[in-house]
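> Spelled out, the chains give:
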Amino acid sequence: MDRIPILKMGSFLLVTIQVDLYDRLALTLENDLITMVSRTGAKGVLIDISAVSIVDSFMGRILGNIASMSRIMDAETVVVGMQPAVAITLVELGLTLQGVHTALDVEKGMELLHSKIGITDEPEEDEEGPDDSND
Amino acid sequence: MNTTAQILQNNIQKILDIWMQNQLADASLRDDLISNEELRRQSEELLSGLARATASGNVENIYAPEYEPVTEILSDISITRARQGFSPRETGMYVLSLKQAISQVLEEQLSDKPETLYKELLKLNLLLDNLSVITFETFIKGREEVILRQTDEISEISTPVIRVWEGILALPIIGTLDSARTQVVMENLLQEIVNTGSSIAILDISGVPAVDSLVAQHLIKTVSATRLMGAECIISGIRAEIAQTIVHLGIDLSNIKTKASLANALQLAFSMRNVEVRKINKNTGISLTR
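Protein chains in written order, with our numbering: chain Y, 6 to 140; chain S, 61 to 350.
Be aware that a few hints might be false.
Below, computed lysine-lysine pairings styled on BS3-like, alpha-carbon distance capped at 30 Å [stated by the list, open to error]:
hint, chain 1, residue 1, chain 2, residue 2
1, S, K281, Y, K113
2, S, K159, S, K74
3, S, K183, S, K201
4, S, K159, S, K201
5, S, K74, S, K179
6, S, K281, Y, K121
7, Y, K113, S, K317
8, S, K319, Y, K121
9, Y, K121, S, K317
10, Y, K121, Y, K13
11, S, K339, S, K319
12, S, K179, S, K159
13, S, K159, S, K173
14, S, K319, Y, K113
To be clear, the hints were calculated from the coordinates, so they are not data collected in a lab.
Only chain S is shown next, with the shape it has when bound in the complex:
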């Protein structure tokens, strides 16, 4: 057993106290995300794991089997922190403040042997730097998982085909249209046209932030495919700036029915299907006659 390991073993409570003090004194402490008791429990677990691992005599190679419990605890902590919304700095400082605490104790214990102190500090630095790299890796992995899940969710919820009336479908498109999404949108729409036997589809692009020539081409493709199926397609929700871009880019939408708002498109769809919406005088309800 070497010196660091021994000191770590003997002073575990003291190191923990100093470490907790450092963490609590730090301005970046997030007591809104994690309670002090929870933080202390996590820290104690990690520290005792570290003490057990160093007791084997290995203070260099953190990929050795005796370090597995330590890296596991650390990964758990940083993944949880990534999900809870800790910043990278806060997560990084967690391990780095442990280094400070151990250094402080080592300094006290070995003040009469500067040479040993120097060597031990070097080893300790190396070990904890490696551990903080692991922390960062898992932190970023945790964040990426969150992002990936959100991407999946967005693509899942972003292409609903709504049946607004008998024979009339509406498809509000929200977010940028790229090739992959156009494919999904087109497939969903065409399948729904077959399933419901609808003859009119309204494509609402009020949720599309910008229309460039590529997006316009995707829209034209969708309209053409719908027409081939034997249904009519109306594009609605064209904002002023989108109209400007379309004309400036020289995109020809003249043979596509376009309307400014979904309400106008629905009105057009009604008249195409010979449906009339009118007010009843007696009560304020709406009567729909076909």
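Chain Y on its own, in the form it takes in the complex:
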């Protein structure tokens, strides 16, 4: 069965969705991601959906769910690289993804996560956590 890889980068989790999501895959992702957040104690989740060209209400809800669940577990969610057509569709569906942070690309998303969590150092950190994390 297909799985979307979840990469750990320092205290963040990075997910790049390169295929069109179908419902089962999205549910598996939600499950895997939350398990990963709880196991690694990640402070941020970055989801890159720049390759996703089709989105439906279910997919929108899953994104919202992931954000809400992560927030409860003290991790911020950033969705990056949304296509214009996808954004318009979500707005027309009435899903404005309240509570989800967004950024134009992975780089800006990383910057945003750093500023949200209060890390001022550069992202390349081999240490397991930032020394001045204020949580």
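With the hints as your guide, set chain S onto chain Y.
Chain S in isolation, oriented as in the chain Y frame:
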């Protein structure tokens, strides 16, 4: 060949003279839009076309092939007049004054045969009424073409996305926002955000005449879509009356950044991007530091 056709053929110069006289005497003559020589040339062309068409013996059916040249000339004339800005009355009177001229000549020629005169006048009336209907149809068609072209032009030029600074886009909206335009505005803006990698978009609505709940909803949609893309949206150019309407309608814009003027919005955008604008003392130029 019937009587009207014959009279028309024989008196073409006379009719033209009377017609021109009528047209020149008319108060609605537009010598600012068309010269007398041009008017005479047009009239002569139409009249000789009409004489040729009636010579076939057909004075009833203007949709017959022999009338094609006449309707063509007439359509040309009225379309040109529509573009030149003639009023419908002026264009209509053009053909109707021809009727007057021909009637006058017919009356002179057939004064001793009232019965024939009556019949011929009836036919003539019918024929020229039909021609004036064609004139009107093409006149309105010409006007509609003008309107259509202008509509296209307006929608083309009305949604420019301007890059005002690195990472800052501005979109001045001019005219009423309806669903179709919102769609175009939104698509253009989002595409431009992707193309330029801008993180701030300023929506200036100082050119929007009125904001009702529908327009506000369109604005909120655009802002939400921009936010989903990962960019911030600032709405600027909110006039006093627009602010009043928005509050009276109970529209909630509290989670959207709004500024009164484009300058204020730009200032906010600069501070969001950590850009500073300041004056240099030595010369009066502006230094921009990032």
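> For each hint, tell me whether it holds in the structure or not.
Each hint, compared with the structure:
{"no.": "1", "hint": "S/K281 / Y/K113", "in the structure": "23 Å, holds"}
{"no.": "2", "hint": "S/K159 / S/K74", "in the structure": "14 Å, holds"}
{"no.": "3", "hint": "S/K183 / S/K201", "in the structure": "27 Å, holds"}
{"no.": "4", "hint": "S/K159 / S/K201", "in the structure": "23 Å, holds"}
{"no.": "5", "hint": "S/K74 / S/K179", "in the structure": "22 Å, holds"}
{"no.": "6", "hint": "S/K281 / Y/K121", "in the structure": "26 Å, holds"}
{"no.": "7", "hint": "Y/K113 / S/K317", "in the structure": "21 Å, holds"}
{"no.": "8", "hint": "S/K319 / Y/K121", "in the structure": "25 Å, holds"}
{"no.": "9", "hint": "Y/K121 / S/K317", "in the structure": "20 Å, holds"}
{"no.": "10", "hint": "Y/K121 / Y/K13", "in the structure": "18 Å, holds"}
{"no.": "11", "hint": "S/K339 / S/K319", "in the structure": "23 Å, holds"}
{"no.": "12", "hint": "S/K179 / S/K159", "in the structure": "15 Å, holds"}
{"no.": "13", "hint": "S/K159 / S/K173", "in the structure": "20 Å, holds"}
{"no.": "14", "hint": "S/K319 / Y/K113", "in the structure": "25 Å, holds"}
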